[in-house]
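With chain A fixed as given, assemble chain B onto it according to the hints.
Protein chains in written order, with this note's numbering: chain A, 1 to 292; chain B, 293 to 584.
For the record, the hints were derived by calculation from the structure and aren't laboratory data.
Source: prediction; values computed, not measured.
By construction, the Cβ of each residue, glycine as well, lies at the ideal position given by its N, Cα and C atoms.
There could be a bad hint or two in this list.
Calculated pairs, DSSO-like style, for lysine-lysine (alpha carbon to alpha carbon, straight line, at most 27 Å) [as the list claims (entries may be wrong)]: (1) Lys65(A) x Lys433(B); (2) Lys357(B) x Lys141(A); (3) Lys433(B) x Lys150(A); (4) Lys141(A) x Lys65(A).
Example chain A residues on the side facing chain B (calculated, C-beta under 7 Å, incomplete) [unchecked claim]: (5) Pro30; (6) Arg97; (7) Gly98; (8) Val105; (9) Ala109; (10) Leu113; (11) Asn144; (12) Tyr149; (13) Ile153; (14) Glu154; (15) Gln156; (16) Ala158; (17) Ile160; (18) Leu163.
Number of protein chains: 2
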Amino acid sequence: MLEFNREWERYKRLVEEGLDAFLPSEEEYPQVLYRAMRYAVFTGGKRLRPVLTLATCEAFGEDPKAVLPQAVAIELVHTFTLVHDDLPDIDNDDFRRGKPTVHRVFGNAIAILTGDALFAHAFRVLVEGNFPPDVKLRFLKEMNNALCYKGVIEGQVADILSLEGNPGLEDMLFIHSHKTGKLIEASVVIGAIAGGAGEEEVAAIRRYGRNIGLAFQIMDDVLDAVGDEEEVGKRLRKDFNKASAVRILGLEGAKRRADHLIEEAVSLVEEVLGERGGFLRDMARFIGSRTY
Amino acid sequence: MLEFNREWERYKRLVEEGLDAFLPSEEEYPQVLYRAMRYAVFTGGKRLRPVLTLATCEAFGEDPKAVLPQAVAIELVHTFTLVHDDLPDIDNDDFRRGKPTVHRVFGNAIAILTGDALFAHAFRVLVEGNFPPDVKLRFLKEMNNALCYKGVIEGQVADILSLEGNPGLEDMLFIHSHKTGKLIEASVVIGAIAGGAGEEEVAAIRRYGRNIGLAFQIMDDVLDAVGDEEEVGKRLRKDFNKASAVRILGLEGAKRRADHLIEEAVSLVEEVLGERGGFLRDMARFIGSRTY
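This is chain A alone, in the form it adopts within the complex:
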């Protein structure tokens, strides 16, 4: 795992540099917006999604730097969803990764607009770089599919709706695979396309992404139930989390489900990438056993 951690750090450094390079300067007018965008983005996160994009691109034999704009765009979109989800009108979270959330620091109005700006800016960055126009449009299509008309936003709406009902297994799977899974899927698929993967390889990587995305959210529920609040860095045991995999499948059932998804993901990546898929294989295993 030492090698895995070192690789993760290498990708993460690229992501941090890319985010800094692509975000507007805090010196420019209106400063408060750009300060809030940077505050939201630089929170010491794991950068799971953009790291997956860079790693998948490299696994297919291309320089990960080539896909850095797309990796940055994915992290901007992810951050946008967090900023809006944390708002008092939605999840009402005051802290994220131990820091006050954007609306706590900048107010609700600026927080809403900061989310919008991160979202808009992501679409600009998504089509940067040296790819032919038709490849850029494929990136855009993957991002669109991740977001709306059965994407992250529908997952969040379904999650809100679940508070009023009695969500079952199907509801939980819809929420988790959309709210979390869709953007993770897009992360690896965009990396694969950038890396020059063929159609069948993209399809296998897509299934890998779906599996680890769903497993990631199931493990989030497991951590919510048994994790350490300080280690995880956010409020746990939120009693309103009705669509929790642990509530629906039980603790052991949820873990088994995640294990199964992870093992399938590992097989897929070994089949398509063999030795070159080492990081993606380790990442799947990490997601299945994470404690933070």
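Showing chain B alone in chain A's frame:
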């Protein structure tokens, strides 16, 4: 003006059909989101922006139906900005065009996510249709420029900031030309590109769009000061409108400014399009003299 109104109706009908065709069905899960998106979009508006897109495309000799997806995308983006601006945390408006605003009907959480979904969906629709990939990327670039990193969102932030300061002429011009002007500029530029306009023609149409966009918002302030609440269909004389052109230039000064912008816009469009620019010329004049 009879011919102008008839043409407007013809374009508007196309826009209404396009919006209906491109929005997700209310029958699909999660219904509340798609109901809210449609509620936000179908409010009996003038459809100024998408009508401008269709008309500009046709003025350059192409079938306006070709650019219908892009016109729809622009209206979706416009609607997204209205839904978020109306939120209690921002402008706190309960009515728009005489109907309760989205958050009044669906609640704040769904309203935030409805705005996000309209925004996301717009980017999907924006690259539909029979244009080569590089032209689609030009549409995307224009939309990105309209939105962020000096776009609509910065205009809205500057407007919020102006509440705490004492905005002068420069502030007012920044707010109006960004909050309102940028998307109107994109509307005509995208129409011109779709119509096959050359580089210089696009540049002239861009200036036309900037002028009518700024004039539109200045006239909004004039209406806010002297308009009829029922005719305009929204709450007027909002005392917090500190960056109002009427407050800064006086009523006559604001009208003169708008007149000057409109006359320049008319010259530009006559120069570039001659007779074919009749609708765009009349539209500029309408904006300069509108009472609703």
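Do the hints match the structure? See the list:
In summary, the hint linking lysine 65(A) to lysine 433(B) is supported, as the alpha carbons are separated by about 22 Å, within the 27 Å threshold. Between the alpha carbons of lysine 357(B) and lysine 141(A) the distance comes to roughly 22 Å, so the proposed pair stays at or under 27 Å and holds. Of the supplied pair hints, the one linking lysine 433(B) and lysine 150(A) holds, its CA atoms being roughly 25 Å apart against a limit of 27 Å. Between lysine 141(A) and lysine 65(A), the direct Cα distance comes to roughly 21 Å. Compliance with the 27 Å bound is thereby established for this hinted pair.
With 7 Å as the threshold, the beta carbon of proline 30(A) comes within range of chain B, its nearest partner Cβ sitting at about 5 Å, so the hint holds. Interface restraint check for arginine 97(A): the shortest CB-CB distance to chain B comes to about 22 Å, outside 7 Å, so the restraint is violated. Taking 7 Å as the C-beta contact cut-off toward chain B, the hint placing glycine 98(A) at the interface is violated, the least distance being around 25 Å. Because the smallest distance between the Cβ of valine 105(A) and any Cβ of chain B comes to about 15 Å, over 7 Å, the interface hint for this residue is violated.
Taking 7 Å as the C-beta contact cut-off toward chain B, the hint placing alanine 109(A) at the interface holds, the least distance being around 5 Å. For the restraint placing leucine 113(A) at the interface with chain B, the shortest Cβ-Cβ distance is roughly 6 Å, inside the 7 Å limit, so the hint holds. Proximity of asparagine 144(A) to chain B holds as hinted, the smallest CB-CB distance being about 4 Å (cut-off 7 Å). Interface hint at tyrosine 149(A): satisfied, since its Cβ lies 6 Å from the closest Cβ of chain B, which is below the 7 Å cut-off.
Because the closest C-beta pair between isoleucine 153(A) and chain B is about 5 Å apart, less than 7 Å, the hint holds. Because the smallest distance between the Cβ of glutamate 154(A) and any Cβ of chain B comes to about 6 Å, under 7 Å, the interface hint for this residue holds. Interface hint status for glutamine 156(A): upheld, as the beta-carbon distance to the closest one in chain B is roughly 6 Å, under 7 Å. Given hint, alanine 158(A) at the interface with chain B, holds; its Cβ is 5 Å from that chain's nearest Cβ, closer than 7 Å.
Contact between isoleucine 160(A) and chain B, as hinted, is supported at the beta carbon level, the nearest pair being about 6 Å apart and thus within 7 Å. For leucine 163(A), the interface hint is violated, the least distance from its beta-carbon to any beta-carbon of chain B being 10 Å, above 7 Å.
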